[in-house]
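Trainee: Okay, here's what each chain looks like letter by letter:
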Amino acid sequence: MDIFLQLIASGLLVGGIYALIALGFVLIYKATNIINFATGEFMMIGAYIFYSLTVYLKLSPYAGFPLVIVCAALLGTLVERLILRHMLGQPNISIIMVTIGLSSILLGIAEIIWGSDFRSLPPLFPRKPIIIGEVVLRSNLFYGFLMAIAVVVIFMLLFKYAKIGVAMRATANDQMAAFSMGINVKTMFTISWAFGTIAASLGGIIIGNIGGVQPTLGHIGLKIFPIVILGGLDSVGGAVLGGFIVGIVENLAGGYLDPYFHGGVKDLAPFVVLILILLIKPYGLFGTKEIERL
Amino acid sequence: MPKILSIDGVSLAFGGLEVLSDISFDVNEGEIFAIIGPNGAGKTSTLNIINGFYRPKKGKVFFQGTDITHLQADKRAALGLGRTFQNIALYHGMSVLDNIKLGAHSHLKTGLISGLWYWGAAHKEEMALRKEIEKDIIDFLEIESIRNQSVSTLAYGLQKRVELARALAMRPKVLLMDEPVAGMNAEETEDMARFILDIKEERNITIVLIEHDMKMIMDISDRVLVLNFGYKLTQGSPREVQKHPDVIKAYLGQKKG
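Listed in order, the protein sequences are those of chains E and L.
Position 253 (the first sequence) corresponds to 253 in my numbering; numbering is contiguous.
Position 250 (the second sequence) corresponds to 250 in my numbering; numbering is contiguous.
Any given hint might turn out to be false.
[Unchecked claim] Okay, derived cross-link-like pairs now, DSSO-like style, lysine-lysine, Cα gap no bigger than 30 angstroms in a straight line: (1) L:Lys249 x E:Lys186; (2) L:Lys249 x L:Lys75; (3) L:Lys75 x E:Lys160; (4) L:Lys60 x L:Lys173; (5) E:Lys160 x L:Lys3; (6) E:Lys163 x L:Lys173; (7) E:Lys186 x L:Lys173; (8) L:Lys243 x E:Lys163; (9) L:Lys135 x E:Lys163; (10) L:Lys173 x L:Lys101; (11) E:Lys186 x L:Lys101; (12) L:Lys124 x E:Lys160; (13) L:Lys200 x L:Lys60; (14) L:Lys124 x L:Lys3; (15) L:Lys232 x L:Lys124; (16) L:Lys58 x L:Lys3; (17) E:Lys163 x L:Lys124; (18) L:Lys232 x L:Lys101; (19) L:Lys57 x E:Lys186; (20) E:Lys163 x L:Lys60; (21) L:Lys101 x L:Lys124; (22) E:Lys186 x L:Lys215; (23) E:Lys163 x L:Lys232; (24) L:Lys135 x L:Lys60; (25) L:Lys249 x L:Lys215; (26) L:Lys101 x E:Lys160; (27) L:Lys135 x E:Lys186; (28) L:Lys131 x E:Lys160; (29) E:Lys186 x E:Lys163.
Simulated from the structure, these hints should not be mistaken for lab results.
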């Protein structure tokens, strides 16, 4: 029983962090219908910027976070304005190839600037582990989880209540109708790229704080696909739930099955669950069904 | 009557497919202007040219005397060009009231920061807006009883009415309507025709509409433009158009021999 609770608890914590990264993906997909394969690289760049600010420039983490948010917003805006804006109206597959190319470019740039060595972020949180009953939680994971959830909640409130959030939802729902109501759809695209990059970067800092920073940090981005497809590509709530499901499944599989299979089950399990769910619900748990009315 | 909208020599092509060829017409302030024509005549494309979804290959669009050919669709909406769609374009997750409020989106002045926290000015503005919507739009279109329902639960005719409500919340000067009664039964059609007339008469909103329901077109429109294969066939009062030999030919075909 102890080990079960322990696995569930740490699965939940990891899941909350996944949810934040998945949100970075969903924010972009929702407004623009672009599947951003560079989400993982946005994370990695965010973590490196934070590393540079706090280690090279010796800024405090409190200054580091807002600065990373600013840099991420700039990066997202630049990517949208300089690259994706020109792809408007092109076939989806071309746009996807562009984001795949972008991920390679970002990876290369990171290796040129920071090298491929492993870097540790300065400690952000108190070291003392959190003990609840018999469950022991790593402090990095616990505080990282709290931070991730706080950011997710802020984004959700923004989406639900702020004028800009409402305009983004309207854009996501129907671009023509949004245009005809005076919403500047192109600006909404830029904003959603900025928001998506911010969410991914903050996720990158949290992950980097747990496991260190390397150019390959972005490979965690691959795990985002089972999460967002599970939740339904365009559902913020689905991304959060998908994050939790994948976090828990991964931990349970790792804890119970890995000892028998020499490892590897942990990484495989989320995809097995993904395939099972897609067999039953092809649009994900909360995804919009595409209905074409003619 | 002064003209509020002018289309001047507009041509539109998708690749090699010519959709509109040298179309010109004026819409007078306060009239109901209907565009008819067989399928594929370019009716919806004409509306899309007017509200900025398409850019013409040639020609210009004037609104209240200003050239708006190069304005983006959202800017044209803010100037007062409202639009409803052939396929209902409502936001399905939201209630009727929220859908309508979204139409008034561009009239809210409070910006991101205050709008974000929903305090003070933003709250006051929201209340004022709500009052206006309740009185001038919801009561007017007789949708009081469904205002808090989710739009996806509504019957087709009611959804069309909510879409009209949302377009009215934008306070348009000209309302572009793409097949407002398509798929409606006789009673729903009659209601919609009455609303369109009331919008014109009580609010002095100019209406440009596309419709296949000939009886309704002939009953309510002041002038009719007929398109066929992207060309302007003729234009005139409903009575003139109905009798025009080319129109009869386009709709019914020509006797051989």
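Trainee: All the hints need checking, so say for each whether the structure fits it.
Mentor: Hints versus structure:
no., hint, verdict
1, L:Lys249 x E:Lys186, "44 angstroms, violated"
2, L:Lys249 x L:Lys75, "40 angstroms, violated"
3, L:Lys75 x E:Lys160, "25 angstroms, holds"
4, L:Lys60 x L:Lys173, "19 angstroms, holds"
5, E:Lys160 x L:Lys3, "41 angstroms, violated"
6, E:Lys163 x L:Lys173, "24 angstroms, holds"
7, E:Lys186 x L:Lys173, "24 angstroms, holds"
8, L:Lys243 x E:Lys163, "51 angstroms, violated"
9, L:Lys135 x E:Lys163, "23 angstroms, holds"
10, L:Lys173 x L:Lys101, "18 angstroms, holds"
11, E:Lys186 x L:Lys101, "21 angstroms, holds"
12, L:Lys124 x E:Lys160, "19 angstroms, holds"
13, L:Lys200 x L:Lys60, "26 angstroms, holds"
14, L:Lys124 x L:Lys3, "37 angstroms, violated"
15, L:Lys232 x L:Lys124, "49 angstroms, violated"
16, L:Lys58 x L:Lys3, "21 angstroms, holds"
17, E:Lys163 x L:Lys124, "15 angstroms, holds"
18, L:Lys232 x L:Lys101, "38 angstroms, violated"
19, L:Lys57 x E:Lys186, "22 angstroms, holds"
20, E:Lys163 x L:Lys60, "34 angstroms, violated"
21, L:Lys101 x L:Lys124, "14 angstroms, holds"
22, E:Lys186 x L:Lys215, "40 angstroms, violated"
23, E:Lys163 x L:Lys232, "42 angstroms, violated"
24, L:Lys135 x L:Lys60, "38 angstroms, violated"
25, L:Lys249 x L:Lys215, "18 angstroms, holds"
26, L:Lys101 x E:Lys160, "14 angstroms, holds"
27, L:Lys135 x E:Lys186, "33 angstroms, violated"
28, L:Lys131 x E:Lys160, "22 angstroms, holds"
29, E:Lys186 x E:Lys163, "16 angstroms, holds"
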